[in-house]
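Residue numbers (our numbering), protein chains in the order written: chain A, 147 to 485; chain B, 6 to 311; chain C, -11 to 238.
Accuracy of the hints is not assured; some may be wrong.
Computed footprint of chain A on chain B, listed as stretches where at least three residues anywhere in the stretch have a Cβ under 8 Å from a Cβ of chain A [to be verified]:
| hint | segment |
| --- | --- |
| 1 | 87 to 97 |
| 2 | 211 to 223 |
| 3 | 226 to 235 |
In short, the hints are calculated from the structure, not lab data. All C-beta atoms, glycine included, are put in the ideal place defined by N, C-alpha and C.
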Amino acid sequence: MAERGAADAVPGAAEVPDTPSAGRGLLDQPLHAGAALGVLALLVALPPLAQALDGGFYVSFATRILIFALAATSLNLLIGFGGMVSFGHAAFVGLGAYAVGVLMQAGVSSALVAWPAAVLVAGLFALAIGAVSVRTHGVYFIMITLAFAQMLYYLMVSLRTFGGDDGLPLAARSGLPFGMDAANDTTFYYVVLAVCAAAFIFVQRLLNARFGFALRAIAENETRMRAIGFPVYRYRLAAFTLAGALAGLAGALLANQTGLVTPSTMQWTQSGALMVMVILGGVGHLWGGVIGAAVLLLLEEFASAWTIHWQLGVGLVLLAVVLASPDGIAGVIARWRRR
Amino acid sequence: MTGILWLEQALNGLQFGLMLFLIAAGLTLVFGIMDMINLAHGSLYMVGAYLTAAVAAATGSFAVALLAGAAGTALVGMALEVTVLRRLYTRDHLSQVLGTFALLLIANESVRMIWGEQPVPLSAPAALAGPVELLPGLQYPAYRLLIIGVGLAVALALWWLVTRTRLGMQVRAGAADREMARAMGVNIRSLFTVVFGLGAALAALAGGLLGPLLAVQVGMGENILILAFVVIVIGGIGSIRGALVAALLVGMVDTVGRTAVPLVMGDVLGPAAASVAGPALASILIYLLMAVVLFVKPQGLFPAHG
Amino acid sequence: MNTLLEVRGLSKRFGGVRASDGAALDVAHGELHALIGPNGAGKTTLIQQIAGALAPDAGSIVLAGQDITHLPMHERVHRGLARSYQVTNLFSRLSVLDNLALAVQARSGSSLRFWRPARSEGARYAEAARVAERVGLGARLAVNAAALAHGEQRQLELGLALATRPRLLLLDEPMAGMGPEESERMVALIDSLRGQYTVLLVEHDMDAVFRLATRISALVAGRVIACDTPGAIRVHPEVRRAYLGEEFAA
Chain A
147 MAERGAADAV
157 PGAAEVPDTP
167 SAGRGLLDQP
177 LHAGAALGVL
187 ALLVALPPLA
197 QALDGGFYVS
207 FATRILIFAL
217 AATSLNLLIG
227 FGGMVSFGHA
237 AFVGLGAYAV
247 GVLMQAGVSS
257 ALVAWPAAVL
267 VAGLFALAIG
277 AVSVRTHGVY
287 FIMITLAFAQ
297 MLYYLMVSLR
307 TFGGDDGLPL
317 AARSGLPFGM
327 DAANDTTFYY
337 VVLAVCAAAF
347 IFVQRLLNAR
357 FGFALRAIAE
367 NETRMRAIGF
377 PVYRYRLAAF
387 TLAGALAGLA
397 GALLANQTGL
407 VTPSTMQWTQ
417 SGALMVMVIL
427 GGVGHLWGGV
437 IGAAVLLLLE
447 EFASAWTIHW
457 QLGVGLVLLA
467 VVLASPDGIA
477 GVIARWRRR
Chain B
6 MTGILWLEQA
16 LNGLQFGLML
26 FLIAAGLTLV
36 FGIMDMINLA
46 HGSLYMVGAY
56 LTAAVAAATG
66 SFAVALLAGA
76 AGTALVGMAL
86 EVTVLRRLYT
96 RDHLSQVLGT
106 FALLLIANES
116 VRMIWGEQPV
126 PLSAPAALAG
136 PVELLPGLQY
146 PAYRLLIIGV
156 GLAVALALWW
166 LVTRTRLGMQ
176 VRAGAADREM
186 ARAMGVNIRS
196 LFTVVFGLGA
206 ALAALAGGLL
216 GPLLAVQVGM
226 GENILILAFV
236 VIVIGGIGSI
246 RGALVAALLV
256 GMVDTVGRTA
266 VPLVMGDVLG
276 PAAASVAGPA
286 LASILIYLLM
296 AVVLFVKPQG
306 LFPAHG
Chain C
-11 MNTLLEVRGL
-1 SKRFGGVRAS
9 DGAALDVAHG
19 ELHALIGPNG
29 AGKTTLIQQI
39 AGALAPDAGS
49 IVLAGQDITH
59 LPMHERVHRG
69 LARSYQVTNL
79 FSRLSVLDNL
89 ALAVQARSGS
99 SLRFWRPARS
109 EGARYAEAAR
119 VAERVGLGAR
129 LAVNAAALAH
139 GEQRQLELGL
149 ALATRPRLLL
159 LDEPMAGMGP
169 EESERMVALI
179 DSLRGQYTVL
189 LVEHDMDAVF
199 RLATRISALV
209 AGRVIACDTP
219 GAIRVHPEVR
229 RAYLGEEFAA
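Chain A with its partners taken away, still in its complex shape (with noise of 0.2 Å):
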């Protein structure tokens, strides 16, 4: 069986003009500021919005879009831009989400130092599992990072000091600073949309940064990245490690916004959805995993308020798509900006 490697990971991302314009190259990640603005503005006028229309659980809906958008566009950076598909990354997010949790019940509340604590365990594990596991290529890394996953997951089902398999309940949302009450919904979901956009930003310059033209080039044709001076497993365990310390800061918003922390959140089903999302969304593309998971959640909630067989409905869409475009949404969405 031939070794697809990296190659296999970048599916038809973005059809590249034979002479790009300027700055429209395959390295180049326009943040398209006018779109990100109007989808800003959309965002922050939403909780007023609900409120006229007697919605709160938009709101609360609204923000676990968010937090998946993260977790999703985390590992977008790793699937899409670095070319390695990762099977375990809903550990991270399962890793911060427990991080949260364990502090909480140690009486450590405040959101300050719970939330970068969750960064850093969710990154430091990464980086500990990307040091073995970013060696591999292809079919084999997709393997050994869902047996890390697995195995982290069955760790935290037997650990009876965690809750086990009934998991942690939060006492309380995060405390937040300046005197703001994360109890109430709209003031999280700012407080949400403000660290998931400043997270994008991030991930944006990253990507427009040495950082992500070395990555995306790596993914491209690593021999040659090689062979050109680049110390290859360097960049990539770099990627690993930032993009599971980001998948972290989702799962500390994921524990507020749920309230439990369970082992669930570490299953391979869910580092599966994650993967969907990208998919759905489009890898390779700067909006890929919000898109993909705005649309995998909200296909979610339609379907499910339709009919109890929602699932056959999402099943049937997500064939479609994947039959039809071979990246995703976004992609479908560049191919007609580019008509």
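Following the hints, complete the assembly by docking chains B and C onto the known chain A.
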């Protein structure tokens, strides 16, 4: 723990391992020959269990139900292959993950729509309900012996098929080098369909056989699917022999681990903690095993090519 | 003679085949050293071992007095070794400029930079443009590598190696697949590198080899059987024997 109990656990491990082999065989062939990651393989296992249960309820004969379940699932599998899966062969692994994941959702929901959320009853044939005395002091359920028997028979039949028949030769050629096989005149398209159908039948058989022991319900495929992937990675993608060895290994480690680990830990941690930690640690052991294999011999124990 | 590259006793087996059988080679500073040999002699295997893509079973490779035998590929680049590929190995979806800019990026500091836009590094792109000019692609900066003509792609191949500012250039059949006109341009290009770079050139095109080389090493069955000036190699009995049956340019 006495020698008898160890023996009993070993037999359980053998039984589980052989069933894992049936499931993994189809998966490794599809992955090895068509280079396709099929997350819906567990769904074929589930469909097999459900069809077996349905036919058993209708006819009252377990044997007929097993055959019908296998045949029916093979047809379903081949239909899927021809309509949807064929389009995914040329795609990258990621798209295959998404596509087969979608099929998994569709399969789960379809089964739920037909049979509902509650587990469907499927019992072992009455004649095999009792224990058999294998050795003085060792009582072993007759039904589990049947599973072991069927498992060994199928393994033997597969071996014969792969090494002694023309079809088997084409399968091995396809697994080793698809392009070359095509160049040598093998009708790749039909071969793929047949291989897929065969894999589906095997998975369905495992589903039907395990049905009386584990519950027949929606989502039963997911847990076993992940173990099947572990098996084929350890065994070597595309290798049936590897799948057998790895499946027995994983089956043993899993089964014996679940009993042994709590026993060992019970002495250290006390029975309550051990009863929870035990199974979890047994699972960790399996993934650790896979990680070690991936690190030391990434191609698996019996690589299919070169 | 000031030796830049010293290869001693390099051996590599693939199953029963001895691709490299105690090969030994010396490349002096500033020279253009050609490596020739009949098909299957093991030229590419030797280049791969020197570049670091393949680990030798035995032997040593010393660059400017330092043992690089077990150094990973990217480390060798930092010691001044660069390689071009026989089968074009570019970043096909990136433009010529971006291709070369990556090579410049590799040797100009760490890429663990996460904030400042890479496109803002004017000096790096200016350098890349200079290299492009050097290899004759000055007018094609914005074209994607995949859209280049074959000859231009081979020029970019060479450019990528040059952009790392090496001391030793390993050129693996730079003229592979080129027609007469393109070959002529490539020969002129490689000729212009003389003096500025030390070159180890693997080539089948005997015309080019005899025009360019300061010295020639002949590789047969994994061993270097002769190393001398072009004139001496031309009449070397063992070398002629190795090429018996092949058209040998007189």
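Results for each hint:
1. 87 to 97: It holds: at least three residues are needed, and the segment 87 to 97 of chain B offers 5 whose Cβ sits within less than 8 Å of chain A.
2. 211 to 223: violated (count 0)
3. 226 to 235: Check passed, 4 qualifying residues.
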